[in-house]
Amino acid sequence: MRVLAALSGGVDSSVTAALLQDQGHQVVGVTMKLWGGESDSGCCSVSDVEDARRAAAQLDVDHHVFNFGEEFEEHVIAPYVADHLAGRTPNPCVECNRRLKFDVLLRRAEMLGFDAVATGHHARVVTVADGTRRIGRGADTAKDQSYVLYPLTAIELERVLLPIGEMTKDVVRERAAALHLRTATKPDSQDVCFITRTDGRAAFLEQRAELHPGRIVDTDGTQVGTVSAVELVTIGQRRGLNLAGGSGRRFVVDVDVASATVTVGPPQHLLRDEVALDTMVWATEPVRGRVRVQCSAHGAASDALVDLQQDGRVIVRFDEPQRRVAAGQSVVLYQQMETVGPDGTPGIDEVVVGGGLAV
Amino acid sequence: MHPLADLDHAATTRLRPQVAEAMAPFGSVRYGNPSGSHRLARDAVRAVDDARERLAQVIGCEPGDVVFTSGGTEADNQAVTGGMPPRPGVPVCSAVEHHAVLDVVEALDGRTVAVDASGRVDLEALASLLDELGDRVSIVSVMLANNEVGTINDLSAVAAVIAAHEPEVPRVPLHTDAVQAAAWLDLRTTTEDAQMISLSAHKLGGPKGIGALVVRRPTTVRPLILGGGQERERRSGTLNVAGIVGFAAAMELADAEREATTLRVAALRDRLAAGLVSAVPGLVLTVGGGHPGVPSSGATATLPGACHVCVDGADSEALLFLLESDGVMASAGSSCASGAQEASHVLTAMGVPPHTARGALRLSLGRDSTSADVDLALRVVPSAVERVRAFS
Numbered sequence: 001m002r003v004l005a006a007l008s009g010g011v012d013s014s015v016t017a018a019l020l021q022d023q024g025h026q027v028v029g030v031t032m033k034l035w036g037g038e039s040d041s042g043c044c045s046v047s048d049v050e051d052a053r054r055a056a057a058q059l060d061v062d063h064h065v066f067n068f069g070e071e072f073e074e075h076v077i078a079p080y081v082a083d084h085l086a087g088r089t090p091n092p093c094v095e096c097n098r099r100l101k102f103d104v105l106l107r108r109a110e111m112l113g114f115d116a117v118a119t120g121h122h123a124r125v126v127t128v129a130d131g132t133r134r135i136g137r138g139a140d141t142a143k144d145q146s147y148v149l150y151p152l153t154a155i156e157l158e159r160v161l162l163p164i165g166e167m168t169k170d171v172v173r174e175r176a177a178a179l180h181l182r183t184a185t186k187p188d189s190q191d192v193c194f195i196t197r198t199d200g201r202a203a204f205l206e207q208r209a210e211l212h213p214g215r216i217v218d219t220d221g222t223q224v225g226t227v228s229a230v231e232l233v234t235i236g237q238r239r240g241l242n243l244a245g246g247s248g249r250r251f252v253v254d255v256d257v258a259s260a261t262v263t264v265g266p267p268q269h270l271l272r273d274e275v276a277l278d279t280m281v282w283a284t285e286p287v288r289g290r291v292r293v294q295c296s297a298h299g300a301a302s303d304a305l306v307d308l309q310q311d312g313r314v315i316v317r318f319d320e321p322q323r324r325v326a327a328g329q330s331v332v333l334y335q336q337m338e339t340v341g342p343d344g345t346p347g348i349d350e351v352v353v354g355g356g357l358a359v
Numbered sequence: 360m361h362p363l364a365d366l367d368h369a370a371t372t373r374l375r376p377q378v379a380e381a382m383a384p385f386g387s388v389r390y391g392n393p394s395g396s397h398r399l400a401r402d403a404v405r406a407v408d409d410a411r412e413r414l415a416q417v418i419g420c421e422p423g424d425v426v427f428t429s430g431g432t433e434a435d436n437q438a439v440t441g442g443m444p445p446r447p448g449v450p451v452c453s454a455v456e457h458h459a460v461l462d463v464v465e466a467l468d469g470r471t472v473a474v475d476a477s478g479r480v481d482l483e484a485l486a487s488l489l490d491e492l493g494d495r496v497s498i499v500s501v502m503l504a505n506n507e508v509g510t511i512n513d514l515s516a517v518a519a520v521i522a523a524h525e526p527e528v529p530r531v532p533l534h535t536d537a538v539q540a541a542a543w544l545d546l547r548t549t550t551e552d553a554q555m556i557s558l559s560a561h562k563l564g565g566p567k568g569i570g571a572l573v574v575r576r577p578t579t580v581r582p583l584i585l586g587g588g589q590e591r592e593r594r595s596g597t598l599n600v601a602g603i604v605g606f607a608a609a610m611e612l613a614d615a616e617r618e619a620t621t622l623r624v625a626a627l628r629d630r631l632a633a634g635l636v637s638a639v640p641g642l643v644l645t646v647g648g649g650h651p652g653v654p655s656s657g658a659t660a661t662l663p664g665a666c667h668v669c670v671d672g673a674d675s676e677a678l679l680f681l682l683e684s685d686g687v688m689a690s691a692g693s694s695c696a697s698g699a700q701e702a703s704h705v706l707t708a709m710g711v712p713p714h715t716a717r718g719a720l721r722l723s724l725g726r727d728s729t730s731a732d733v734d735l736a737l738r739v740v741p742s743a744v745e746r747v748r749a750f751s
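In the order they appear, the protein sequences are chains A and B.
Each step along the first sequence adds one to the number in this note's numbering, with nothing skipped, and position 200 is 200.
Each step along the second sequence adds one to the number in this note's numbering, with nothing skipped, and position 86 is 445.
Bear in mind the hints are in silico, worked out from the structure with no lab data behind them.
Worth double-checking, as some hints may not be accurate.
[To be verified] Quick list of simulated restraints, FRET-style, between CB atoms: (1) A:81 to B:750: 27 to 37 Å; (2) A:2 to B:730: 27 to 37 Å; (3) A:81 to B:749: 26 to 36 Å.
In this text, all values refer to a predicted model and were calculated from it rather than measured experimentally.
Cβ atoms here follow ideal geometry from the backbone N, Cα and C, with glycine treated the same way.
Make a model of the complete structure from these sequences and hints.
Written out as structure tokens, the structure is:
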């Protein structure tokens, strides 16, 4: 196949290109330039483009750079800012996958005559019994990125390859070292690529919107502190609140941006029996019944029952109460499904069946 | 082997064999440092002096006016700043200058002058800006020909505007970036009214890494690079002898062949431009082609090798990829450090609407271009556009 490999300049995508070559594919590398601003979190900078270019050269793979800055601004940055201002939790990595890598890039790849797009995500594309495809968890469970790939439906997955999902990170690094790739020892990228570690979210948002000071109250309404920017407070947050009075651990249990009020309370106030989802994406058909639910990129999955409402909303009822999911946060549903390996071997895998945003 | 067509001669050109031959002894046999006093050094000095005189002939300046630099960018930086520390005052340039001028003007809090729809500097706008700035103007920089769209400026007319601004004591120098034009235009006539001229060898069959800033007396510049005081204290650093020799050889060849090359390449360019316009609906010539909402500029003088088009509803990046797959190497005009395509400030300044500028395609011909190159482009551009549009 002709495969367009998205090279970020990191070790995972470099090894992705190498694996595809070994599998006999015709590989072309592309680095998406998404962000022209400052970044120190290990993504999108000119030095990352250089790393990608050098890794491609080491593998004798042609390398191109596509500038998707406008699309990134429209589909990732603008919603990120809007979500914060509305008191919702943004999902920039999910949106980048949904809108950039597996939409803009996938369409571009098709336009340019490629059969598939490959990325260095730690997740697997598995084939289930009826022959359609799903996102399965990466072999390296600690690095599993299936959560951020949930918007990929069976249709897109026909043209997506995630070769390193079959490997642990250690094996990926060993492979890179064996190939003498200069990216072999590069640290993992972390955090949101357009937020610098040094200045953080506050500095980024202040440049683009007005942030508002707010009151912190406890669950009976007594003011116990203030915050400089209510838009930056997250449900479940515990640190950096400088609370007066009271004892015991207190967490943010509610944020109301409209009234600039943050409510703190003991951890049990954070627990919920269910979460409602909208903006659902299903891998194929909507799913009912028993599911495993993951509510954050690196959170553990829990058991739940999923129910479809008339209005298209989905209600997820947890078996055990779970920490409240902030509005706007992605919630991903998994099920165990029978799968068929490339050589026809049957297996059982936990795969993404759908996902949506917490209401 | 697929046929290949280099239609990116505005980016760079092939080192001409005669030039390579002229350069060959310098570095191996005649490897002296001209800043010395012994036999080897004297040999190198002689080669540099000789090259400087031959260049001055082609440029139409005094040999002592030629300051060798590492290339066009350095020459532009030195001209606009005036060296280190920068000349006091406000530098002024056209809005379509190469970044080597534009970014320096911006760094010095200078001002830019609008251009018309064809990319020519707006002389009335220049006059009123000079009036507004009064005696604070430090320099005016207007390129002889634009590197993206190929439009040629009339520097005598620009000089006249500056002269009218200070009729008594002429002080404000006119600088011109002639990097793109030097392969095609006779500098003796086109740049005679400019006090400073930036040149680069690799755009005209010479080696990379060598260029010059011409500074006509009585205009002066301070050095940007300090050290051994070479180039009459205007540019330190051991002279690039082989590069200088190659630069002179390339300029002389280009000058000698100018008329024949211009006629031949302009004919190829005209066939390419006409062929593209008739074969691709929604493709317009960027200069004089008439964009929706932008008044046509009529017959504007452009460089013979320049064929810049905008393709409606096609993204340059995708187009370039497909063209390359079919053997045509072109450009979209400007690339950033990462290699990604960026919106062109030139097209923006010309008033080309953003959605049209997205489909910018710079096909630039050169001395080496052939009829087969044009045939290949005419064969592959229409199908590439069709494919990009079909998938958009």
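Cross-check of the supplied hints:
1. A:81 to B:750: 27 to 37 Å: Because 31 Å falls inside the window, the suggested range holds.
2. A:2 to B:730: 27 to 37 Å: 32 Å, holds
3. A:81 to B:749: 26 to 36 Å: 35 Å, holds
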